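A.B. asks: Just need the whole structure built from these sequences, with the hints factored in.
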Amino acid sequence: MGLIKPLLYTLRELFRKPVTVKYPYEKRDISPRVRNIHTLNRETCQHCGICARMCPNNVLKMKDGYPTADYSRCSFCGICLDACPTGSIQMIHTQEHNIVRAHSEDLYMELLNPDGTVYNPEVASIGQDETNEGGVF
Amino acid sequence: MTHEVPEGVNPRDIASVLSWVKGSSLWNLHFCFGCCSTEIAAAMMPRFDIERFGFAPADTPRQADVLVANGPIARKIVPRIQRLWAQMPDPKYLVVIGACPMSGGPYQGSYNIVTDIRDVLDVEPAAFIPGCPPNPEGILEAFIMLKNRIKEGSYGRN
Amino acid sequence: MCVLRIWIGDKMLADSLLFKLFVFPGTVFSLVVVLFLFWWWRKVGAAIQSRYGPKHVGPAGTLQTIADVVKLIAKESIIPEKASRWFWFMPVFSFVLSFLFLSLIPFTDHWVILDFDTSLIMLFAVMAIEPLLIFLVGWASYNKYGLAGAERAGIQMLAYEVFLALTFVPIIMLSHSWSLVGIVYAQGVSPTWATPVAHTFVNRGVWFAVVQPLALLLSVIAVMMAMHIKPFDIPDAEPEVIYGASTEYGGPFYALQMLSHFLMMFLGSGLIVSMFFGGWEGPYLPHVAWFVLKTLTVGTTIMFIQHSMPRLRLSHMMEIAWKKLVPLAFLNIFITLIIMEVLGWV
Amino acid sequence: MAEIEKITATPETLVDTALGLKKAGFTFLEFMSAVDYVPKNKVEPGANRIDAVYMLWNPGTNEQKMITVPLPRDNPVVPTVMPVWEGANWHEREAHELFGIDIKGHPNLSHLLLAEGWNDTYPLRKDFKVEEVEIDWNAPTSKLAEGEPERVYHFAVQHPGAHGPMGFDLLLDGNRILDAESRIGYVHRTLEKLGEQRNYYQNILNMERGCIMCGMPYIEVWARAVEELLGIEVPEKAKYLRLIAVELNRLSSHLIWMGPQQGGDFSYMPVAMWAMGDREKVLDLLEALTGGRITFAYIRPGGVRWDIPERFREMAEKNLRYLESRIPVYEEMMFKEPIVKERLTGLGKLTPQEAIDIGASGPVLRATGVAHDTRKDAHIPIYEDLGFQIVTQTAGDAWARGMVRLGEMKESIRLILDALDRLPPGNSEADLFNRKAMPWMKVPVGETYAVTESCRGRLGIHLISDGTNTPYRTKIRGPSFSNMYAVEHILKKGSYLYDIPVLIGSMDVCPADMDR
Chain A
625 MGLIKPLLYT
635 LRELFRKPVT
645 VKYPYEKRDI
655 SPRVRNIHTL
665 NRETCQHCGI
675 CARMCPNNVL
685 KMKDGYPTAD
695 YSRCSFCGIC
705 LDACPTGSIQ
715 MIHTQEHNIV
725 RAHSEDLYME
735 LLNPDGTVYN
745 PEVASIGQDE
755 TNEGGVF
Chain B
6 MTHEVPEGVN
16 PRDIASVLSW
26 VKGSSLWNLH
36 FCFGCCSTEI
46 AAAMMPRFDI
56 ERFGFAPADT
66 PRQADVLVAN
76 GPIARKIVPR
86 IQRLWAQMPD
96 PKYLVVIGAC
106 PMSGGPYQGS
116 YNIVTDIRDV
126 LDVEPAAFIP
136 GCPPNPEGIL
146 EAFIMLKNRI
156 KEGSYGRN
Chain C
416 MCVLRIWIGD
426 KMLADSLLFK
436 LFVFPGTVFS
446 LVVVLFLFWW
456 WRKVGAAIQS
466 RYGPKHVGPA
476 GTLQTIADVV
486 KLIAKESIIP
496 EKASRWFWFM
506 PVFSFVLSFL
516 FLSLIPFTDH
526 WVILDFDTSL
536 IMLFAVMAIE
546 PLLIFLVGWA
556 SYNKYGLAGA
566 ERAGIQMLAY
576 EVFLALTFVP
586 IIMLSHSWSL
596 VGIVYAQGVS
606 PTWATPVAHT
616 FVNRGVWFAV
626 VQPLALLLSV
636 IAVMMAMHIK
646 PFDIPDAEPE
656 VIYGASTEYG
666 GPFYALQMLS
676 HFLMMFLGSG
686 LIVSMFFGGW
696 EGPYLPHVAW
706 FVLKTLTVGT
716 TIMFIQHSMP
726 RLRLSHMMEI
736 AWKKLVPLAF
746 LNIFITLIIM
756 EVLGWV
Chain D
-17 MAEIEKITAT
-7 PETLVDTALG
3 LKKAGFTFLE
13 FMSAVDYVPK
23 NKVEPGANRI
33 DAVYMLWNPG
43 TNEQKMITVP
53 LPRDNPVVPT
63 VMPVWEGANW
73 HEREAHELFG
83 IDIKGHPNLS
93 HLLLAEGWND
103 TYPLRKDFKV
113 EEVEIDWNAP
123 TSKLAEGEPE
133 RVYHFAVQHP
143 GAHGPMGFDL
153 LLDGNRILDA
163 ESRIGYVHRT
173 LEKLGEQRNY
183 YQNILNMERG
193 CIMCGMPYIE
203 VWARAVEELL
213 GIEVPEKAKY
223 LRLIAVELNR
233 LSSHLIWMGP
243 QQGGDFSYMP
253 VAMWAMGDRE
263 KVLDLLEALT
273 GGRITFAYIR
283 PGGVRWDIPE
293 RFREMAEKNL
303 RYLESRIPVY
313 EEMMFKEPIV
323 KERLTGLGKL
333 TPQEAIDIGA
343 SGPVLRATGV
353 AHDTRKDAHI
363 PIYEDLGFQI
373 VTQTAGDAWA
383 RGMVRLGEMK
393 ESIRLILDAL
403 DRLPPGNSEA
413 DLFNRKAMPW
423 MKVPVGETYA
433 VTESCRGRLG
443 IHLISDGTNT
453 PYRTKIRGPS
463 FSNMYAVEHI
473 LKKGSYLYDI
483 PVLIGSMDVC
493 PADMDR
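Chains as they are written, first to last, in the numbering used here: chain A, 625 to 761; chain B, 6 to 163; chain C, 416 to 761; chain D, -17 to 498.
Hints in this document: simulated from the structure, not taken from any laboratory.
All of these numbers come straight from a predicted model, not from anything done at the bench.
Glycine is no exception: its CB is placed at the ideal position from the N, C-alpha and C atoms.
It is possible that part of the hints are untrue.
[As the list claims (entries may be wrong)] Restricting the straight-line Cα-Cα distance to at most 27 Å, the calculated cross-link-like pairs of lysine-lysine (DSSO-like) are:
| hint | chain 1 | residue 1 | chain 2 | residue 2 |
| --- | --- | --- | --- | --- |
| 1 | C | 497 | A | 629 |
| 2 | D | 474 | C | 559 |
| 3 | C | 458 | B | 156 |
| 4 | D | 300 | A | 641 |
| 5 | B | 156 | A | 685 |
| 6 | D | 24 | C | 559 |
| 7 | D | 323 | C | 739 |
| 8 | D | 175 | C | 738 |
| 9 | C | 739 | A | 629 |
| 10 | D | 392 | D | 358 |
| 11 | C | 559 | C | 497 |
| 12 | A | 629 | C | 738 |
| 13 | A | 685 | D | 300 |
| 14 | A | 629 | A | 641 |
| 15 | D | 475 | C | 559 |
| 16 | C | 497 | D | 125 |
| 17 | D | 24 | D | -12 |
| 18 | D | 24 | D | 392 |
[What the hints assert, rightly or not] Here are some of the chain B residues that sit facing chain C, going by a computed Cβ distance under 7 Å:
| hint | residue |
| --- | --- |
| 19 | 29 |
| 20 | 65 |
| 21 | 67 |
| 22 | 94 |
| 23 | 154 |
[Said to hold, decoys possible] Chain C is faced by these chain B residues, among others (derived, beta-carbon under 7 Å):
| hint | residue |
| --- | --- |
| 24 | 23 |
| 25 | 26 |
| 26 | 30 |
| 27 | 51 |
| 28 | 54 |
| 29 | 56 |
| 30 | 57 |
| 31 | 58 |
| 32 | 62 |
| 33 | 68 |
| 34 | 85 |
| 35 | 121 |
| 36 | 124 |
C.D. replies: Take a look at the structure:
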């Protein structure tokens, strides 16, 4: 009897819809607390460099007065958020911001703007589609 | 339309068929040495199910195509990684997942950690996916990137 | 000497031995079936595990197994330095051997490559050689885990070989035939072909699944044991001996082993269909289609059991085989004897 | 938590002191380690010695005592305490390779955590320099492999049944194991040394990575140790949130154990897959609460990072009730299934006496009928208020361990839902000091030992502060370290090749937790 009952459970499972989220084609809901990439409010940033000093993994480095991130080192722990005295640095998650790169050099990048767009020193911001450069989708 | 039409594959061009085939059947070596291995397990299991794309685990290096570097490289494990890589038949690919194999991640500055997988294996990885650990979607994207790079011919010997 | 006759038709190419060997039911057809079965196996497993399985490579993932096999064949074939020089030979030989098995299975009484009065004995012989080959595969690879897996294959053969034979005894008693075609006829199936082989059989007019449910159960277990199907896949238990005998085999060698494994799975189901489910009998559809359909149904059932069961411990498997299944098989023989005596079926 | 009660001994009197303490009820050796005092240290300025440290626990009265043996730095020698506590074996090997303490009378002092050919440099000494390390890569993998390497089965590192980068060198007779020697240390990330290199706040990051499957208890016990030294009390709400986070993490860890680990040992794919699928429900909750799935950075000294999110209660109710309804299914499939039951019953039997001697803890100890759960023993906040019940079994075998974990899952679900119901209002962080100054906090000189029950057993952090913003010494007692020793102990008693994966699985050994 003990042998039959598991078979009944598996038989029942055979006719159920899979729980799979067909990822690239459909996406699951992700909590807003997930930390996947940094953003920096460049208006309130005080150029103090505390985030860079506090980062245990040496991810953040100061360049032209603003922190830049080397994502090959990042653990996404958010200690830089706690350390920032003005709260300029934040971490966000959007599905488009899964960082996947073919070359390790591409992992070194400027922090995004607070609205999730790419920061460009010359132009204030460029379009959303540019954020995916080097990514898969 | 959720199945991948073999785009750019010309049935008369054996090379393009082969590269499509190689990209569609990537078996990663079942070799866990870090936190990210739990997320690789999660990616294989029902919620994400990377077998949809033909990515499956292989238990012995002889049958594997992909070595997924998924954890901190302690000095003790270095010869084992090199040996496993040597045991894998060509063509073989390397995917780097998480911060540890790229830079030591949270363990940089430790006396027992090799900070870069490229010092150990002398191969250029196909895809880098940062995170500690990255979520399973990220791992799936890394595999798809590897697949696309094989298809394009921009990675690996064909 | 066995009466070995091959039927060759007068006109049609389809009747020639070459066609049977290389097209149907030989190489081409069996390759297609094997690739389909591999895909289907993964799909059934995935459904039980509440996921999709291969899905995006080709429509519903149907090209997945083709991609897998082509990739494996295209890969580098590594022969370990210390391996025997017969390393490459063993998987090839075991693949060829599974075709010997194929030639004995009657798809119909016409679509059978080898048919003679005592084909069941030859079938047992072929089934007994297979684990020996696996043993040689493991030995040739000069790998500790390969050898451990080979050893287990040998042990498992000791467990199932005896009661496999005992299980089929009641069927032979009932049908008075040592030939698979004869056994199918004995289940009340009318011959579709003027048979040149004088099959001796007694027509019982009923599927043996009905009169011999215990033998059906035992033979399904025996076939699963012989084909190394979970819960009896002890010789290639990943957590224990990695891939057992095929640990060192990658690339084309592994592709061959995989193909022969699924071919054997198909043929094992075919054997059960011939023995218990009236072979090719069925209305409306062509006979061959019925046979394949029945075989796939039995195969799917086996897959279902395989995917929903844990693996047995080695010693537990021996215990079950010798202390439970062999006595059961004997019991079945006696029950059959008594019933045959009472009903006057002798 | 008060000061740790210290007893000073000399190498000559050590074994007698140990025996006396064991008779007095201190039967459980938590760890044996050392503290290196160089002259310029700020804890005891001028001291130039190595203290061998033996942390003891009295399961009857729940007292903690510590034997310290001051030794000279140039030639530290202590006798082995293995005759008193068998579990001291690996701890002494660790102290030997990391601190260079010579253990007199020890049967095997080969490298455990470090690479086999590591030269005579001792990483945890304060004057250690990485440049001096040289490794002989041709060294044999274990003492067993020294003689006849051809005969040795390497059940290790990449073996699919080894549950991660660890395993054994085996001498086999057919399937019977003649001798076994563990090979661990492949994920030795030196958390103890890193703890001394980074400041208290940065340590949130690496302490949490102590165990890959349950990081939350690690960071909880770390935060509690720091708070004890700082003398701050966290608000009631933070205690509840910590409990919720830890128990959610325990659920996810036990589901991994149930699925890919123990289920995977028999290739029992339905259970393996379903457990991972159901684990996602728990991970959804963890993600909503903390933003992480495996690592969280949620608990920090002084409280927790975020308050509870909106609609968390409903989500938890829905997901956890679903999980509760699945537990009978798992019970039916794993623990009543005859094949699995046959494999698990009688496997790896430990008596209560053996388990305590070895230092095994957690479900391994509770399966032998000893009702010790650190959550209750050490009065971890809130657990007693919620009426926490210890789950025990009496058989002491693999099956009993599984049933204990299954019972713990039910208990965890109940605890989380109760805690959510009784969640008090208020702050989730102590506002005793400036939050923004936290990253630079200096911790007063002191020494503490905080314990908790991680998913695998008794987890402790021995923290010595020297008044700066970096710890002077952090010693982590990883429960898997002793539990893995129990596996080796059982294998040496006589076992079979096919039992090894099941045995490791039933002990729920986490390599990261073991190697630290």
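A.B. asks: Does the structure break any of the earlier hints, and which numbers would those be?
C.D. replies: Per hint list: 1, 5, 6, 8, 13, 18, 23, 32, 34, 35 and 36 violated.
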